[in-house]
Amino acid sequence: MRNSGVESEAMDQLVASRERIGPVNLVAAEELARIEQEAGASAAEQAELVEAVHRLRGSIGNLNREGRERLRAAFEEVNEHFQRLFTRLFEGGQAHLALIDSDDVLEAGLEIFAQPPGKRLQSLTLLSGGEQALTAIALIFALFLTNPAPICVLDEVDAPLDDANIDRFCDLLDAMVKETDTRYLIVTHNAVTMSRMHRLFGVTMIEKGVSRLVSVDLGAAEELLAAE
Amino acid sequence: MRIRQLRLSGFKSFVEPATLRIEPGLTGVVGPNGCGKSNLLEAIRWVMGENSPKSMRSGGMDDVIFAGTATRPQRDFAEVVLSAEDGRGEDLEITRRIERGAGSAYRLNGRDVRAKDVALTFADAATGAHSPALVSQGKIAQVIAAKPAERRQMLEEAAGIAGLHVRRKDAEQKLRATEANLARLEDLMAGLDSQMATLRRQAKQAERYTRLSDEIRVAEARLVFARWRDAAAAAEAARKEAAGAEARVEAATVTTREAQAAQAEAAAKLAEARDELADRRDDASAHGHRMAALTSQLEAAEQRLADLTRQRERLEQDRGEADRLTHDAAEALARLERELAAGQAALEADEARRPALAAQVEETERAGRAAELALAKATADHAGVEAEWRVAQAAIDQAQARLTRLDGEARRQADTRQALAQAGDLEAKLAQAKEAASSATEAAAAMRTTLERQRSDKEALQVRRDDAASALAAAKAELAGIEREHAALKQDREARERQAAGRAGRRAAIDTVRAARGYERALAAVLGRDAKAPLGMAEGDGRFWTGGTAPQPLADSLLRHVPDCPPELAVRLALVRVAAEDYGQALDPGQWLVTLAGHLRRWDGFVARGEGAAEAARLEADNRFAELSAQLPPLVTAVEAAEQQQAQVQSDLAELQRALIATERDLAGAADAERQALRAVDQAEAERERLAGRLAELDRAAQDLAEQRGLAEAELETAQGRKSALPDPATASPRLAARRCRHLGRHRSRHAGSSPGPQRSSPGGPAVSHGWSRRARPGTRGCARADHGSALGYRRMAGALVRSGTAARRDGAAVRGNRAGAGSRRGQACGADARDRARRHRPRPPHRRTGSGGSGGCRSAAGGPAFRSRIGRRDRGARQCPRKPCRPCRAGGERRGPPGRDGAHLGRAVPGPAPAAAPALRVRGRERAQFRR
Chain Z
261 MRNSGVESEA MDQLVASRER IGPVNLVAAE ELARIEQEAG ASAAEQAELV EAVHRLRGSI
321 GNLNREGRER LRAAFEEVNE HFQRLFTRLF EGGQAHLALI DSDDVLEAGL EIFAQPPGKR
381 LQSLTLLSGG EQALTAIALI FALFLTNPAP ICVLDEVDAP LDDANIDRFC DLLDAMVKET
441 DTRYLIVTHN AVTMSRMHRL FGVTMIEKGV SRLVSVDLGA AEELLAAE
Chain D
773 MRIRQLRLSG FKSFVEPATL RIEPGLTGVV GPNGCGKSNL LEAIRWVMGE NSPKSMRSGG
833 MDDVIFAGTA TRPQRDFAEV VLSAEDGRGE DLEITRRIER GAGSAYRLNG RDVRAKDVAL
893 TFADAATGAH SPALVSQGKI AQVIAAKPAE RRQMLEEAAG IAGLHVRRKD AEQKLRATEA
953 NLARLEDLMA GLDSQMATLR RQAKQAERYT RLSDEIRVAE ARLVFARWRD AAAAAEAARK
1013 EAAGAEARVE AATVTTREAQ AAQAEAAAKL AEARDELADR RDDASAHGHR MAALTSQLEA
1073 AEQRLADLTR QRERLEQDRG EADRLTHDAA EALARLEREL AAGQAALEAD EARRPALAAQ
1133 VEETERAGRA AELALAKATA DHAGVEAEWR VAQAAIDQAQ ARLTRLDGEA RRQADTRQAL
1193 AQAGDLEAKL AQAKEAASSA TEAAAAMRTT LERQRSDKEA LQVRRDDAAS ALAAAKAELA
1253 GIEREHAALK QDREARERQA AGRAGRRAAI DTVRAARGYE RALAAVLGRD AKAPLGMAEG
1313 DGRFWTGGTA PQPLADSLLR HVPDCPPELA VRLALVRVAA EDYGQALDPG QWLVTLAGHL
1373 RRWDGFVARG EGAAEAARLE ADNRFAELSA QLPPLVTAVE AAEQQQAQVQ SDLAELQRAL
1433 IATERDLAGA ADAERQALRA VDQAEAERER LAGRLAELDR AAQDLAEQRG LAEAELETAQ
1493 GRKSALPDPA TASPRLAARR CRHLGRHRSR HAGSSPGPQR SSPGGPAVSH GWSRRARPGT
1553 RGCARADHGS ALGYRRMAGA LVRSGTAARR DGAAVRGNRA GAGSRRGQAC GADARDRARR
1613 HRPRPPHRRT GSGGSGGCRS AAGGPAFRSR IGRRDRGARQ CPRKPCRPCR AGGERRGPPG
1673 RDGAHLGRAV PGPAPAAAPA LRVRGRERAQ FRR
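Heads up: the protein sequence lines correspond to chains Z and D, in order.
Read left to right, the first sequence gives residues 261 to 488 (the working numbering).
Read left to right, the second sequence gives residues 773 to 1705 (the working numbering).
Derived from the structure by calculation, the hints contain no laboratory data.
Hints are supplied without guarantee of correctness; some may be wrong.
[As the list claims (entries may be wrong)] The calculated DSS-like cross-link candidates involving lysine-lysine, where the alpha carbons are at most 25 Å apart (straight line), are:
#, chain 1, residue 1, chain 2, residue 2
1, Z, K468, D, K826
2, D, K1495, D, K1149
3, D, K1262, D, K1201
4, D, K826, D, K1012
5, D, K826, D, K946
6, D, K919, Z, K379
[Claimed, not checked] Far from chain D, by Cβ distances over 12 Å, these chain Z residues were calculated:
#, residue
7, R278
8, N324
9, P377
We treat Cβ as the ideally placed atom computed from N, Cα and C, and that holds for glycine.
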């Protein structure tokens, strides 16, 4: 048993050491627990985010890979068709497609290198309008052939072509019709082209601003003509 | 999918429903410009899900609805239906309908579907709103003019990966967002981390704070408990003290009660004394009355005499008138004259007696006064003497007590001194301690010397050990080197021997010959290729040493340097001269010259240099082997010896180390012992110093004591001298008492003498009362100083007085009563009041006031047996108990009541001299006397 003096001294010492601590945040432990929880949640979220990032990167990579593969394949096929169609449309000459500007197929540009018969390999813009149109048609058909669609609409594609080229174009169309199951809808003003159609629809505007569709059955007309 | 027909209604310029059948093969659409051919293509694209108004050549999607013309109103909706047949041959009808302001909706076979579903449906069939197969006007020019990257999009359409870019862009966007989130989260977490660190620190602090708070709570509780304990102890002490105080109060109460009883008794006795005093006063006044009566008788007699004289004169005048009368008158006259004579005689006798009586009274009074004075003086003297005697006695007692105390002190000191002297063996102890210390120091020094020696020994031993170790190492290294070499040589040798054994036991020359050291090259050069030839003759071809007749070897012949030389070779060597250098010495025929380096020159001029190196090496190896073989055993022995020595040194060292440790331990012990011995010495010295100090102190104290004792003795002597100079009050007291008795006796006898005569007694009263009050004063003083011893004397004296008569008794009571003379302010005030009254009523005796403190003694309680007088008994009750003041006693009892109460107050009040109290009582007495009169 100690006397009150010693006790008082001990207590004073304790109080002094408590006072030495200075201001104290008594809810620090609770705050700490809360913040640790928060940190845990954040860490979990972070992990999730990291995983998401990886997943996204992976999927982007997948997309890119798939895209590259398919683009590369498509390119090869289109190029093949293009070369064939070009030669056929121009009855000679050479052309090919090339991916330029980048090693990555996905970023690269598609350039057309065309060499009509008897001409040097030159830039597309230096070709005549007809040649340009034919080249473009060759490309479009090449693309079309790569992924044949059930319907093909050509809106005044033959406009810049001369008669010889129109014939070749129409031959090509015939060949395409044979090759594929596609139905063609061809808008044209050219009589030669019209004459190569299996059937014709006329669009008239008798009343201003109101179109009318008139069916012209060429087969029946020929029969009619033949009957006369 | 096979598309069969397109039906439009209200779409752009096709306000009327129109149907375009799309058959296999080529379907041409013709018509003039601007009539709406391209609208058909746009309708196809629109139904396929085109959402860009721009590619529909319109500003907003609502523009595809027929906008009206001058003659037709605008339509509210537009509808395009595409009929087709899917891959399984089932009909498909895809409808897109747009209502003005309500957006467009898709239906697939009548079901409402989303645009995406429609797009998917077409995408499955490799077509769609953006299909490259739908070539609108200007597309050709676009393809030509387009940048390569734009053209790639066409390729992408063809590859069916048009959505890839979008999806990738989406994914990239999402990725960027996620990464941004991640970065933000990381920032947040970094912030949280720092916050956590701070909080952790704070939490630690808080924990510490809480812990400290808890401890403080505990400490507080402990403190409170300790305080409570202290308080409880204090309370206990207080309780004990209270109990003690209560006990003391109890004792004090008892004492008080006793004191009260004593006071009551004293009051009773006081009342008695007062009664007695009153009686005396009454007696005195009776005497006065008697005297007055006598005087009036005398006057009456004189009157009678005057009457008789007048009668005689009348009779003489009448004599003439009547003879008969004369005769009668003569007879009567004669008779009267006889009577007159007798009366005159009597008168004369009386007259004669009167002055004598008066003189006698006067004289008696004077004598009494003188006696009283003398008695008072004697009493005062006696009291003074007694007081002084007492003082002296007290001084003596004090001095003696002091002496006794001093003697006791001196005895104690002597005892202490003796005790200290008994501790005299301290010196011995000190000497012993010093001796122990010096011996310990010596022992420690010896130990240290030993330690030093051992340390130096150790160092020497260590040096020796190191030497031995290095020697051993060197020897071992040498041995190892030699052994290695030896082993190598031995191996060579054995190999050679095996070879030799393979050669059927024929030993080559070189195996048999041995050159002295340094001559190997020379010998090898001399032997040359022949060195490998075997000794002795053999069959077959070859080279053989067969021996021959050796000539006398030359003085410097090589033979001399070839110790082991088979006779076959001796011949060759005999004529070979050996020299350190070939400087062209002349050679006789058959002589060879060989240098130590192996240069050979023959007498015929043949010179061979640098030959026979292998042989030389072999010879050297042989020599080396022999040498090493010789060296090896002593080396082994030396190594063994070195090892032994090292082991010896090691063991010595270990032993020394052990000894050293032991010595160090001993030294530590010795140092410890030394320290202890020194401490003992210090202690002994300190003890000695303390003792010396104590002795010095004792000496001083003894000196002081002696001085004090001398002083005390001187004081005692002085006191004794003073005392012896004083007369013994014990002897003086009886004398005084006797004297008093005598005086009183005289007084009384005088009274007694005067009382029978009515006239003679009257003048004595005042004188007697005066004498009492005068006498009381010295008595008071004496008694105030008297202690028990002298009280005894008084008691004895009082006894004598009792025997000697009532007057003496009264006096004794007065004297004794004075012992408790005390008063108070209240008494004073009362006394003063009474005095005033007394003055008013009877201003005559102012001189009585000088007898201050005199008859206050009447209040005394310490009554002896003599005090119980009949007078005291008379009104004791009235005095003793103020509550019964009306008891009929003597006249004036009702008036005595309140003063009696005053008296009771006085008795309880603080004791001390009260000069005023006595007059009060005296006055009371006087009043009583007056009242009675």
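Please write out, lowest number first, the hints stated earlier that are contradicted by the structure. Checked against the structure, the hints that fail are numbers 3, 4, 5, 7 and 8, while the rest are satisfied.
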